[in-house]
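J.: So the protein lines, in turn, are chains A and B. Numbering follows this note's numbering, with no gaps: position 319 of the first sequence is 319. Numbering follows this note's numbering, with no gaps: position 34 of the second sequence is 34.
Same chains, same label: a pair holds when it works inside one copy or across any pair of copies.
Listed below are the simulated SDA-like cross-link pairs for lysine to any residue, each with C-alpha atoms no more than 25 Å apart in a straight line: (1) K116 / E128; (2) K2 / T200; (3) K116 / S36; (4) K272 / P320; (5) K272 / G121.
Hints were generated in silico from the structure; no laboratory data involved.
There are 2 protein chains.
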Amino acid sequence: MKTLESSLLVPEFEDVLIAQQRIQPYIHKTPVLTSSFLNQLTGAELFFKCENFQKAGVFKVRGACNAVFGLSEEMAAKGVATHSSGNHALSLSYAAGRRGIPVTVVMPHTAPQAKKDAVRGYGGTIIECEPSTSSREATFARVVAQSGADFVHPYNDARVIAGQATCSLELHEQVDSLGCVIAPIGGGGMVSGTCLTLSTIAPQIKIYAAEPLNADDAARSLHAGHIIADDAPETIADGLKVPLKDLTWHFVNSHVTDILTATEEDILNAMKLIWKRMKIVMEPSSAVPLATILKNRELFAGQRIGVIITGGNVDLDRLPWLNL
Amino acid sequence: MKTLESSLLVPEFEDVLIAQQRIQPYIHKTPVLTSSFLNQLTGAELFFKCENFQKAGVFKVRGACNAVFGLSEEMAAKGVATHSSGNHALSLSYAAGRRGIPVTVVMPHTAPQAKKDAVRGYGGTIIECEPSTSSREATFARVVAQSGADFVHPYNDARVIAGQATCSLELHEQVDSLGCVIAPIGGGGMVSGTCLTLSTIAPQIKIYAAEPLNADDAARSLHAGHIIADDAPETIADGLKVPLKDLTWHFVNSHVTDILTATEEDILNAMKLIWKRMKIVMEPSSAVPLATILKNRELFAGQRIGVIITGGNVDLDRLPWLNL
Numbered sequence: 001m002k003t004l005e006s007s008l009l010v011p012e013f014e015d016v017l018i019a020q021q022r023i024q025p026y027i028h029k030t031p032v033l034t035s036s037f038l039n040q041l042t043g044a045e046l047f048f049k050c051e052n053f054q055k056a057g058v059f060k061v062r063g064a065c066n067a068v069f070g071l072s073e074e075m076a077a078k079g080v081a082t083h084s085s086g087n088h089a090l091s092l093s094y095a096a097g098r099r100g101i102p103v104t105v106v107m108p109h110t111a112p113q114a115k116k117d118a119v120r121g122y123g124g125t126i127i128e129c130e131p132s133t134s135s136r137e138a139t140f141a142r143v144v145a146q147s148g149a150d151f152v153h154p155y156n157d158a159r160v161i162a163g164q165a166t167c168s169l170e171l172h173e174q175v176d177s178l179g180c181v182i183a184p185i186g187g188g189g190m191v192s193g194t195c196l197t198l199s200t201i202a203p204q205i206k207i208y209a210a211e212p213l214n215a216d217d218a219a220r221s222l223h224a225g226h227i228i229a230d231d232a233p234e235t236i237a238d239g240l241k242v243p244l245k246d247l248t249w250h251f252v253n254s255h256v257t258d259i260l261t262a263t264e265e266d267i268l269n270a271m272k273l274i275w276k277r278m279k280i281v282m283e284p285s286s287a288v289p290l291a292t293i294l295k296n297r298e299l300f301a302g303q304r305i306g307v308i309i310t311g312g313n314v315d316l317d318r319l320p321w322l323n324l
Numbered sequence: 001m002k003t004l005e006s007s008l009l010v011p012e013f014e015d016v017l018i019a020q021q022r023i024q025p026y027i028h029k030t031p032v033l034t035s036s037f038l039n040q041l042t043g044a045e046l047f048f049k050c051e052n053f054q055k056a057g058v059f060k061v062r063g064a065c066n067a068v069f070g071l072s073e074e075m076a077a078k079g080v081a082t083h084s085s086g087n088h089a090l091s092l093s094y095a096a097g098r099r100g101i102p103v104t105v106v107m108p109h110t111a112p113q114a115k116k117d118a119v120r121g122y123g124g125t126i127i128e129c130e131p132s133t134s135s136r137e138a139t140f141a142r143v144v145a146q147s148g149a150d151f152v153h154p155y156n157d158a159r160v161i162a163g164q165a166t167c168s169l170e171l172h173e174q175v176d177s178l179g180c181v182i183a184p185i186g187g188g189g190m191v192s193g194t195c196l197t198l199s200t201i202a203p204q205i206k207i208y209a210a211e212p213l214n215a216d217d218a219a220r221s222l223h224a225g226h227i228i229a230d231d232a233p234e235t236i237a238d239g240l241k242v243p244l245k246d247l248t249w250h251f252v253n254s255h256v257t258d259i260l261t262a263t264e265e266d267i268l269n270a271m272k273l274i275w276k277r278m279k280i281v282m283e284p285s286s287a288v289p290l291a292t293i294l295k296n297r298e299l300f301a302g303q304r305i306g307v308i309i310t311g312g313n314v315d316l317d318r319l320p321w322l323n324l
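With the rest of the complex left out, here is chain A (with noise of 0.2 Å):
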């Protein structure tokens, strides 16, 4: 790793290389899949990668088991915590039984029970704090001060994103001849380590981003080439309402061609499509790519295109075609 000017560590390619081997027992290798049907309609030939098959039903394990391998046998006794209701403190908390180190989350009182279900399944320790910036701030210093755990950020963090950095080494390994890779974006942390290794071992594959038009920050921040963030976007995409960081938006500015959006009404048809011709459970926030793709046809016609479905995490009592 090396240091970017704010002192940040910044993820190696090598550092991929070692989170791969490091994390191999406790992820999938995720199939690849395809579709005729949206082949035809896009007239691209996509390859989805499937991380929604991923433990925890998302590629967020990826980063997780990598920071929490990696700690000292004297660190790890202390544990690890985070603050997130989402993706990142169920695949912490996976990642954390399975070394069998605790884990703490600091979660607002106000988080969906199934979340709440969902972390201390899988053996995680939720506090409870008001939904509010300040007291989760606070709540979750008192946390760190008290049990000295490990804050493991959801995509700002080195080790993090060389974890998710393996999924593009797993993509090319399993599709050759792409011509770009689309992920959606939030912070960062998928792209950001698809990156890191496109940049290093197949710099012809350009990397696109996709993100809802509703939640446009990194795109805004793309062209006027500073971190932008929004306050409190709203979008069914809900893994996607988080800003760029100075660590996700150092590689996002050296690598990504460009960020594509979508609408709502974009996404939401996208989603119901996969579903529905490709018989898999996967977020709405994994739909984003597919709705850029059918939204600019031009620009991906006749290329072979790698389509990173992030999770599968979805609230199937709540899916958004039927709250319309």
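Given chain A's structure and the hints, the job is docking chain B onto it.
T.: Using the frame of chain A, we list chain B on its own:
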């Protein structure tokens, strides 16, 4: 093929090998998925053969392709026909479309628009009838008399059973040391094909069938020693309402160890469990095997079990757990 007393042709294992060669260009070799969560829950090792990922979303394209591509040029020119509003109509339309021959489906005008659209999407012609057996039979007889089309029955047809039998041939190549295989049973096409293949190449593997308690005519038939047909049973596993016929009864009676049943609630819970944990879209019918395994843990404990996920064509706007 050999002949039954009823003078129906009975497929033999050689027909399965011919079918496998014949249909290979038109179907997927579907993947086998596993779930460590479901293995822990059942105390067994489950290998899910995912025919929900099959062309047209269902195993029935195997039999339909075997029938369609086995026709002489002269026969094929007259086309094929069937009466079904479900997966067989879709599968036969797909197969005929791939061969480029006409296909006519007789369907009550009350059939759901989505099913009509799907058949037409694959190039099928729909002839509507009244929603009564007499109207359906009269309409179908007229269609066949006019066109000379070949009638492909959904399951009581040697060509269809030989086609379905290629599924367990693949499964046997993909997973070793299976103790048993379990598949849902309606008319018995998939189960008959499984019997045909496994009784020849792996007679030590036990074959179980799984049936909704609300439509348990096959279970009662097996225990009584003769076919019992129910009139219009009601179950969410809507692919499993039809009765056994003489050809499928021949296989079921000769080779099935037992037929296990599950309540509507068991089926629904098993379906949701598979969607939630395995992230795959599959039909209520396909959940019946897991539902019966969960009800009969001691019978299956410790075994390696092949579980046939028969199809994935479900109405995403009317998921059964949302209508309770």
